[in-house]
Amino acid sequence: MAGAAALFWIRSGSGGARVATVFGEAGPPRGAPWWWSGPAARPLIGLLRRFGDASGATARLAKVGPPLPWSALPAGAIIGWRTGSWLPVLAGAAGVFLLRRLLRRRDERRAEERRAAAVIDLCGGIAAELRAGQHARQALLRAVDDALGPEAAPIRAAARFGGDVPTALEALARRPGAAGLRAVAACWRITVDGGTGLAGALERVAGALREDRDRQAELRAQLAGPRATAVILALLPCMALALGTAMGAEPLEVLLRTPLGWALLTGAAVLEWAGLAWVAGLARAAEGGPPVRAVP
Numbered sequence: 563m564a565g566a567a568a569l570f571w572i573r574s575g576s577g578g579a580r581v582a583t584v585f586g587e588a589g590p591p592r593g594a595p596w597w598w599s600g601p602a603a604r605p606l607i608g609l610l611r612r613f614g615d616a617s618g619a620t621a622r623l624a625k626v627g628p629p630l631p632w633s634a635l636p637a638g639a640i641i642g643w644r645t646g647s648w649l650p651v652l653a654g655a656a657g658v659f660l661l662r663r664l665l666r667r668r669d670e671r672r673a674e675e676r677r678a679a680a681v682i683d684l685c686g687g688i689a690a691e692l693r694a695g696q697h698a699r700q701a702l703l704r705a706v707d708d709a710l711g712p713e714a715a716p717i718r719a720a721a722r723f724g725g726d727v728p729t730a731l732e733a734l735a736r737r738p739g740a741a742g743l744r745a746v747a748a749c750w751r752i753t754v755d756g757g758t759g760l761a762g763a764l765e766r767v768a769g770a771l772r773e774d775r776d777r778q779a780e781l782r783a784q785l786a787g788p789r790a791t792a793v794i795l796a797l798l799p800c801m802a803l804a805l806g807t808a809m810g811a812e813p814l815e816v817l818l819r820t821p822l823g824w825a826l827l828t829g830a831a832v833l834e835w836a837g838l839a840w841v842a843g844l845a846r847a848a849e850g851g852p853p854v855r856a857v858p
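Residues in the sequence shown are numbered consecutively from 563, following the working numbering.
Treat the hints with care, as some may be off.
Simulated restraints on C-beta separations [as the list claims (entries may be wrong)]:
hint, residue 1, residue 2, range
1, G695, A848, 39 to 47 angstroms
2, P716, G646, 21 to 29 angstroms
3, R662, D708, 17 to 25 angstroms
4, F723, F659, 41 to 49 angstroms
5, D669, G646, 51 to 59 angstroms
6, D669, D708, 41 to 49 angstroms
7, Q700, G837, 34 to 42 angstroms
If you're looking for bench data, these hints aren't it; they were derived computationally from the structure.
Note that CB positions come from ideal geometry on N, CA and C, so glycine has one too.
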């Protein structure tokens, strides 16, 4: 289970080439989850297209969730049946919650990255509209729909009906990845109320946020090596078990069917998880450095 979690830690999403292979140039149905692609999905997609619309089942499948976490249950049951032990069944049940948690964290991280990119696009869009001669509130209305979408409903309402735009921006800035909106709110207060140039201020904010994003991307690239090393080290015990089984030593019989093996397996699992958590904590601490203060 720890090995599966380690592999998932550095696992990337499905490639666009595989999506195009299954669905053609049109791509997967709108709103399809990330796992609704690839060769493994072809039989189910063909069945749905034969008896109905494949896109009609996307919403129901998205509610069920991706198959990766739930695959831990049958995997644990099969291993438990082959070894005659109940420990793999419990490990499979725990793996469902662990992998679902990892999936949720990955989705949250991607949403945070998309929101941070949307804030940069918002700054550039407002500045472009202002350069084209639009009023500040009208420029905000035009740019906010393209950048932030439905999340920006309070901002749209404040801009359209004469509300407090900086307060609406600061409220949305509390969401992960949208901290740059605090700088946009500060620019709005200083420039719109003071009568100075908002376009230039927002361009400087966008530049500072872009530099911060590039710094984070470079840091993640530098941390890829240590993370991969940690994953390889985490998988070494699994390789040792496979080697021992191939040599006829039957290590699984000892680990899964004797009290001494249970104690050793528990201690190894705790140390394995502690090592992965320690490396992940170091990586998060390095990535969570002081952000760029985008103050015009």
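Hint check results:
no.	hint	verdict
1	G695 x A848: 39 to 47 angstroms	holds, 45 angstroms
2	P716 x G646: 21 to 29 angstroms	violated, 59 angstroms
3	R662 x D708: 17 to 25 angstroms	violated, 33 angstroms
4	F723 x F659: 41 to 49 angstroms	holds, 45 angstroms
5	D669 x G646: 51 to 59 angstroms	violated, 38 angstroms
6	D669 x D708: 41 to 49 angstroms	violated, 23 angstroms
7	Q700 x G837: 34 to 42 angstroms	violated, 55 angstroms
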